[in-house]
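Construct the entire structure; sequences and hints are all you get.
Note that the protein sequences, when read in sequence, are chains A and B. Using numbering that gives the first Met the number 0, count along the first sequence one by one with no gaps and you end on 351. Using numbering that gives the first Met the number 0, count along the second sequence one by one with no gaps and you end on 351.
Keep in mind the hints are simulated off the structure, nothing from the lab. Check before you lean on any hint, since a few could be wrong.
Claimed, not checked - Simulated restraints on C-beta separations:
1. A:287 with B:16: 39 to 47 Å
2. B:283 with A:302: 26 to 34 Å
3. B:329 with A:326: 48 to 56 Å
Stated by the list, open to error - Computed list of lysine to aspartate or glutamate pairs in DMTMM-like fashion (alpha-carbon distance at most 25 Å, straight line):
4. B:327 with B:72
5. A:259 with B:325
6. A:330 with A:4
7. A:253 with B:333
8. B:18 with B:311
9. B:327 with B:5
10. A:198 with A:229
11. A:258 with B:333
12. B:81 with B:46
13. B:258 with A:284
14. A:345 with A:5
15. B:345 with A:348
16. B:351 with A:348
17. A:351 with B:348
18. B:258 with A:325
19. A:258 with B:325
20. B:259 with A:333
21. A:259 with B:333
22. A:345 with B:348
23. A:259 with B:284
24. B:259 with A:325
25. B:259 with A:284
26. A:258 with B:284
27. A:283 with B:284
28. B:18 with B:348
29. B:283 with A:284
30. B:258 with A:333
31. A:340 with A:4
32. B:253 with A:333
33. A:63 with A:134
34. A:18 with A:311
Claimed, not checked - Some but not every residue of chain B turned toward chain A, in silico, with C-beta under 10 Å:
35. 264
36. 267
37. 270
38. 272
39. 274
Glycine included, every Cβ here is placed at the ideal spot set by N, Cα and C.
Number of protein chains: 2
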Amino acid sequence: MIDLDELLNRPSAWLTVEKESDIVVSSRIRLARNLRAFHFPGWGGEEACSQVWATLKPILTDVKAMPGCLSMEMNDINQLDKMVLFERHLISRELSEKGKGSGLVVALDEQMSVMVNEEDHLRIQVINPGLELIEAWERIDALDSEIEARVDYAYDPRLGYLTACPSNVGTGMRASVMVHVPALVLLEEISPIIKGLGKIGLAVRGLGGEGSDASGNMFQISNQITLGEEEMQVVGNLHEIVREIVEHEKNARKRLMQKKGIIVRDHVGRAYGILSNAHILSSKDALDMISGLRLGVDLGLLPGLTPSVLDELTLLIRPGHLQKIETKLLKVRERDVSRAKLVRSKLADIAK
Amino acid sequence: MIDLDELLNRPSAWLTVEKESDIVVSSRIRLARNLRAFHFPGWGGEEACSQVWATLKPILTDVKAMPGCLSMEMNDINQLDKMVLFERHLISRELSEKGKGSGLVVALDEQMSVMVNEEDHLRIQVINPGLELIEAWERIDALDSEIEARVDYAYDPRLGYLTACPSNVGTGMRASVMVHVPALVLLEEISPIIKGLGKIGLAVRGLGGEGSDASGNMFQISNQITLGEEEMQVVGNLHEIVREIVEHEKNARKRLMQKKGIIVRDHVGRAYGILSNAHILSSKDALDMISGLRLGVDLGLLPGLTPSVLDELTLLIRPGHLQKIETKLLKVRERDVSRAKLVRSKLADIAK
Numbered sequence: 000m001i002d003l004d005e006l007l008n009r010p011s012a013w014l015t016v017e018k019e020s021d022i023v024v025s026s027r028i029r030l031a032r033n034l035r036a037f038h039f040p041g042w043g044g045e046e047a048c049s050q051v052w053a054t055l056k057p058i059l060t061d062v063k064a065m066p067g068c069l070s071m072e073m074n075d076i077n078q079l080d081k082m083v084l085f086e087r088h089l090i091s092r093e094l095s096e097k098g099k100g101s102g103l104v105v106a107l108d109e110q111m112s113v114m115v116n117e118e119d120h121l122r123i124q125v126i127n128p129g130l131e132l133i134e135a136w137e138r139i140d141a142l143d144s145e146i147e148a149r150v151d152y153a154y155d156p157r158l159g160y161l162t163a164c165p166s167n168v169g170t171g172m173r174a175s176v177m178v179h180v181p182a183l184v185l186l187e188e189i190s191p192i193i194k195g196l197g198k199i200g201l202a203v204r205g206l207g208g209e210g211s212d213a214s215g216n217m218f219q220i221s222n223q224i225t226l227g228e229e230e231m232q233v234v235g236n237l238h239e240i241v242r243e244i245v246e247h248e249k250n251a252r253k254r255l256m257q258k259k260g261i262i263v264r265d266h267v268g269r270a271y272g273i274l275s276n277a278h279i280l281s282s283k284d285a286l287d288m289i290s291g292l293r294l295g296v297d298l299g300l301l302p303g304l305t306p307s308v309l310d311e312l313t314l315l316i317r318p319g320h321l322q323k324i325e326t327k328l329l330k331v332r333e334r335d336v337s338r339a340k341l342v343r344s345k346l347a348d349i350a351k
Numbered sequence: 000m001i002d003l004d005e006l007l008n009r010p011s012a013w014l015t016v017e018k019e020s021d022i023v024v025s026s027r028i029r030l031a032r033n034l035r036a037f038h039f040p041g042w043g044g045e046e047a048c049s050q051v052w053a054t055l056k057p058i059l060t061d062v063k064a065m066p067g068c069l070s071m072e073m074n075d076i077n078q079l080d081k082m083v084l085f086e087r088h089l090i091s092r093e094l095s096e097k098g099k100g101s102g103l104v105v106a107l108d109e110q111m112s113v114m115v116n117e118e119d120h121l122r123i124q125v126i127n128p129g130l131e132l133i134e135a136w137e138r139i140d141a142l143d144s145e146i147e148a149r150v151d152y153a154y155d156p157r158l159g160y161l162t163a164c165p166s167n168v169g170t171g172m173r174a175s176v177m178v179h180v181p182a183l184v185l186l187e188e189i190s191p192i193i194k195g196l197g198k199i200g201l202a203v204r205g206l207g208g209e210g211s212d213a214s215g216n217m218f219q220i221s222n223q224i225t226l227g228e229e230e231m232q233v234v235g236n237l238h239e240i241v242r243e244i245v246e247h248e249k250n251a252r253k254r255l256m257q258k259k260g261i262i263v264r265d266h267v268g269r270a271y272g273i274l275s276n277a278h279i280l281s282s283k284d285a286l287d288m289i290s291g292l293r294l295g296v297d298l299g300l301l302p303g304l305t306p307s308v309l310d311e312l313t314l315l316i317r318p319g320h321l322q323k324i325e326t327k328l329l330k331v332r333e334r335d336v337s338r339a340k341l342v343r344s345k346l347a348d349i350a351k
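Below you can see the structure in the form of structure tokens.
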């Protein structure tokens, strides 16, 4: 049986799935659920949380939809592993600050996971590579139904699922898609699109989720409404909109290559050259230049590279992962040196 | 017999001589001489100039010190070839603007040359790779003596050689050395050195000579005084001072590697990465990054490269040479694209 250390010392398994294009990096759905018999985690205190954890852990590690998963309580996880889990979208900052009574159950491929006693008793999540929202919905719906058959969810016939924060009441669902749209950014066509998405009830955030900026030309698009709409409707709607954005981005790339082909080649080439040869790399610079490589891969300018290698690199260069690889805490400059070394060696391996 | 086109389609032969280090790129001496029987070129008009050219050409192409040389009159050279000759330090801007009656006689290795009817009737020049001022003086002195045995120079027993500009009267000699001092620039120790050189009668200029800035961390150091000092004294003095500057630069490099080794490696690595992969390269960027490579070669960080390859590259990326290679006039952006292509292919050849 694999342990947490082994899990965290390899990149998330689902990242290695090959995708046709790198415009849609991943699709993610999470459901907020609570048990009727307990106060919400924020009200119950450690005692109540421990009871919830004790109730849910045996069920979650036993459900058929998520076989052979790992379970861990927050007080058993060290700071570095928490950072790594956070960077893999498996725990939130909020959960990482909790201790006894809060925990994580995660499938070995890291596509399915459940946070216990974060803001809600359960935060069920499915991540898929590429644009696979419908599939993600089907998987999470099956997992949710299996859990629901064994516990009594806090559910109101009129409102739907009850959640700690009113913004989640109803479906308790947040569906989000990470898109990489460098051409729309380069042609300065992204702002009106973001504004338009806001008007139809979608939120747009940076790579790191809420409050983060769009490093590496990555944007996370998600639904905000959880009341008054069926899940499949929300998911289908988001799916269609993302497909439209993909078309916009493809179109922008075509125009970019026609009008400014040499500038794009230069941009991609310099990104590759610097990443392959730098000895100091900040996180922001690395993400921006990996964005250049993603564009290059999609345009066929970098034959040896694949989207999945870049997804893996995007993950491995983050502070938690770097420190996990080096097995110690590092200062900012040390991380920049370690990041450059890692990127150089990955790209050199591929060039061989 | 080689013709001008063949000559200009290969890099200057003396550039291919391997040097131990790249701190001193080249040593150059020129002598200003005039014929007693004629007005200075600026006063004589085309008629007189043509007489001078007719007098000097057979002598210069016949001297033993410069066997098998090419001679050409300015009105027979097209604009592009003039640019190339200028970039090779074989003609000055002033000579390139002249026509009939002005000309160039140049040895096939381009180390020895004579401009006829530039500011003076003769501007004799010797260029050597590395720090070879004494050797350059011996060679130019031999060439000058051979010419002097066959013509009557304008010479005053009290003043020395008479020249069109009073600043050259006396020895008529300008000795100069091109040095590459990136560590002194990076550590901000170059300014006091330049000031100090000024105080002892030496001039400091950029790569392109008078009025140019120090692109690529290259500086040209030359004597200003031509009166009251023996040539060997001036040359020996400059030689000693350049040796001191080389020691300063070596010392600065040592300190730089000790204190900021990773920054130097990053600087060198990025320069190599960008030059190997960019598709648009301005002249200034290219020179600055080639400076990074020179430093890398001298510090043993770039095993495949040699100083002579970088000297050659420094020459070939200049506008005239680029256009000569492409056999047509190019706009600025076209030159930047052509320059990037040339640099990429040269570095790729070496990496093989």
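Consistency of the hints with the structure:
At about 43 Å, the CB distance of residue 287 of chain A to residue 16 of chain B agrees with the hint of 39 to 47 Å. Distance hint check: the CB atoms of residue 283 of chain B and residue 302 of chain A are about 32 Å apart, consistent with the given range 26 to 34 Å. The hint said 48 to 56 Å for the Cβ distance between residue 329 of chain B and residue 326 of chain A, and at roughly 54 Å that hint holds. Pair hint residue 327 of chain B plus residue 72 of chain B holds up; C-alpha atoms about 22 Å apart against a cutoff of 25 Å.
At roughly 22 Å between alpha-carbon atoms, residue 259 of chain A and residue 325 of chain B fall within 25 Å of each other, so this suggested pair holds. The straight-line distance between the Cα atoms of residue 330 of chain A and residue 4 of chain A is roughly 22 Å, inside the 25 Å bound, and the hint therefore holds. Distance restraint check for residue 253 of chain A and residue 333 of chain B: the Cα-Cα separation of roughly 22 Å lies within the 25 Å cut-off, and the hinted pair is therefore satisfied. Between residue 18 of chain B and residue 311 of chain B the CA atoms are separated by roughly 13 Å; this keeps the pair inside 25 Å, and the hint holds.
Between residue 327 of chain B and residue 5 of chain B, the direct Cα distance comes to roughly 16 Å. Compliance with the 25 Å bound is thereby established for this hinted pair. Note on residue 198 of chain A and residue 229 of chain A: the hinted pairing holds, with a Cα-Cα distance of about 19 Å set against a maximum of 25 Å. Of the pairs offered as hints, the one joining residue 258 of chain A and residue 333 of chain B holds, with about 15 Å between alpha carbons and a cut-off of 25 Å not exceeded. A threshold of 25 Å between alpha carbons decides the hint, and for residue 81 of chain B with residue 46 of chain B the separation of about 22 Å falls inside it, so the pair holds.
Under the criterion of a C-alpha separation no larger than 25 Å, the hint pairing residue 258 of chain B with residue 284 of chain A is consistent with the structure, at around 24 Å. Between residue 345 of chain A and residue 5 of chain A the alpha-carbon distance is near 20 Å, which keeps this suggested pair within the 25 Å criterion. At most 25 Å may separate the alpha-carbon atoms for a hinted pair to count; residue 345 of chain B and residue 348 of chain A meet this at roughly 23 Å. In summary, the hint linking residue 351 of chain B to residue 348 of chain A is supported, as the alpha carbons are separated by about 17 Å, within the 25 Å threshold.
A C-alpha spacing of about 17 Å is found between residue 351 of chain A and residue 348 of chain B, which places the hinted pair at or below 25 Å, so the restraint holds. Only pairs whose Cα atoms come within 25 Å are accepted, and residue 258 of chain B paired with residue 325 of chain A is accepted, the gap being roughly 23 Å. Under the criterion of a C-alpha separation no larger than 25 Å, the hint pairing residue 258 of chain A with residue 325 of chain B is consistent with the structure, at around 23 Å. Taking the CA atoms of residue 259 of chain B and residue 333 of chain A, the gap is about 13 Å. The hint holds against a cut of 25 Å.
Distance restraint check for residue 259 of chain A and residue 333 of chain B: the Cα-Cα separation of roughly 13 Å lies within the 25 Å cut-off, and the hinted pair is therefore satisfied. With a CA separation close to 23 Å, the supplied pair residue 345 of chain A and residue 348 of chain B stays within the 25 Å bound. Between the alpha carbons of residue 259 of chain A and residue 284 of chain B the distance comes to roughly 20 Å, so the proposed pair stays at or under 25 Å and holds. Our distance criterion of 25 Å between C-alpha atoms is met by residue 259 of chain B and residue 325 of chain A, whose separation comes to about 22 Å.
Under the criterion of a C-alpha separation no larger than 25 Å, the hint pairing residue 259 of chain B with residue 284 of chain A is consistent with the structure, at around 20 Å. Restraint check for residue 258 of chain A and residue 284 of chain B: the C-alpha separation of about 24 Å stays at or below 25 Å, so the hint holds. About 23 Å separates the Cα atoms of residue 283 of chain A and residue 284 of chain B, which keeps this hinted pair within 25 Å; it holds. For the suggested pair residue 18 of chain B and residue 348 of chain B, the alpha carbons sit about 21 Å apart, so the restraint of at most 25 Å is met.
Taking the CA atoms of residue 283 of chain B and residue 284 of chain A, the gap is near 23 Å; set against the 25 Å cutoff, the hint holds. Under the criterion of a C-alpha separation no larger than 25 Å, the hint pairing residue 258 of chain B with residue 333 of chain A is consistent with the structure, at around 15 Å. Taking the CA atoms of residue 340 of chain A and residue 4 of chain A, the gap is about 22 Å. The hint holds against a cut of 25 Å. With a C-alpha separation of about 22 Å, the suggested pair residue 253 of chain B and residue 333 of chain A falls inside the 25 Å cut-off, and the hint holds.
For the suggested pair residue 63 of chain A and residue 134 of chain A, the alpha carbons sit about 17 Å apart, so the restraint of at most 25 Å is met. Restraint check: the Cα-Cα separation between residue 18 of chain A and residue 311 of chain A comes to about 13 Å, which is no more than 25 Å; the hinted pair holds. Taken as an interface hint, residue 264 of chain B checks out: its beta carbon lies about 4 Å from the nearest beta carbon of chain A, inside 10 Å. The interface hint given for residue 267 of chain B is met, as the beta carbon of that residue sits about 8 Å from the closest beta carbon of chain A, less than 10 Å.
For residue 270 of chain B, the interface hint holds, since its Cβ comes within 10 Å of a Cβ in chain A; the closest pair sits about 8 Å apart. The beta carbon of residue 272 of chain B is positioned within 10 Å of a beta carbon in chain A (closest approach about 3 Å), and the interface hint is therefore held. Evaluation of the residue 274 of chain B hint against chain A yields a held restraint, the C-beta minimum of about 8 Å falling below 10 Å.
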